[in-house]
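Asker: Residues are numbered in the working numbering as their position in the sequence shown, beginning at 1, plus a constant of 528.
Keep in mind the hints are simulated off the structure, nothing from the lab. Any given hint might turn out to be false.
With beta-carbon atoms standing in for the labels, derived distance ranges [to be verified]:
#: 1; residue 1: Ala699; residue 2: Gly678; range: 29 to 39 angstroms
#: 2; residue 1: Gly635; residue 2: Asp576; range: 17 to 27 angstroms
#: 3; residue 1: Ala704; residue 2: Thr573; range: 31 to 41 angstroms
#: 4; residue 1: Glu560; residue 2: Thr694; range: 19 to 29 angstroms
#: 5; residue 1: Ala699; residue 2: Thr596; range: 37 to 47 angstroms
#: 6; residue 1: Gly601; residue 2: Arg634; range: 26 to 36 angstroms
#: 7; residue 1: Glu682; residue 2: Gly612; range: 31 to 41 angstroms
For each residue, glycine too, the CB sits at the ideal point set by N, CA and C.
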Amino acid sequence: MSRPDAPDALDPARTALVLVDLMDRIVALPLEPHKGTDVLATAETLADAFRSAGALVVLVRVERPGATEQPPGSGLVAGLSRPGDVEVVKRTVGAFQGTGLDDVLRGRGVTTVVFGGIATNLGVESTARAAADLGYDLLFVEDAMTALTGAEHEASVRLDFPRLGTVVRAAEVSFARR
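Could you build the full structure based on these sequences and the hints that come with them?
Answerer: Okay, here's the thing in structure tokens:
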């Protein structure tokens, strides 16, 4: 790790990567400070590293409640999901309410949740606040998330997330050897 405050190597048996709303219609939005395609590429690299280490990957996508049909581009980006991943469909801003996500994580012995996704200040932050309330240790991968404006992203990353966990860059995420 390159920073003195960077986290220790993660235990893959007790860690999950939670990627929020990496859906075609959301990745394609004009986003700041990182383009959606850049966030997606970083998230895919992280997901591959988590899978290789034997850690859980959770892919969250949103559906509009009460809608008979979802807007085009509402599925996860093609190729993001792999066998063994868990897909969670949320109908609120955060991914814990009414989805069974807490049960999935606890059932797998997860104590640390690593976050990425879009939008930093909405789906990611709402999910992270619930995770903090539930007692999970949190890690936020700054270059694996973005928002509609740079100011919204920065407010979450610089003000809110450090109160809930640790903010890192993707290059700082590593796993302990088994």
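Asker: Now look at each hint and say whether the structure bears it out.
Answerer: Status of each hint after checking the structure:
no.	hint	in the structure
1	Ala699 to Gly678: 29 to 39 angstroms	21 angstroms, violated
2	Gly635 to Asp576: 17 to 27 angstroms	24 angstroms, holds
3	Ala704 to Thr573: 31 to 41 angstroms	19 angstroms, violated
4	Glu560 to Thr694: 19 to 29 angstroms	23 angstroms, holds
5	Ala699 to Thr596: 37 to 47 angstroms	44 angstroms, holds
6	Gly601 to Arg634: 26 to 36 angstroms	32 angstroms, holds
7	Glu682 to Gly612: 31 to 41 angstroms	34 angstroms, holds
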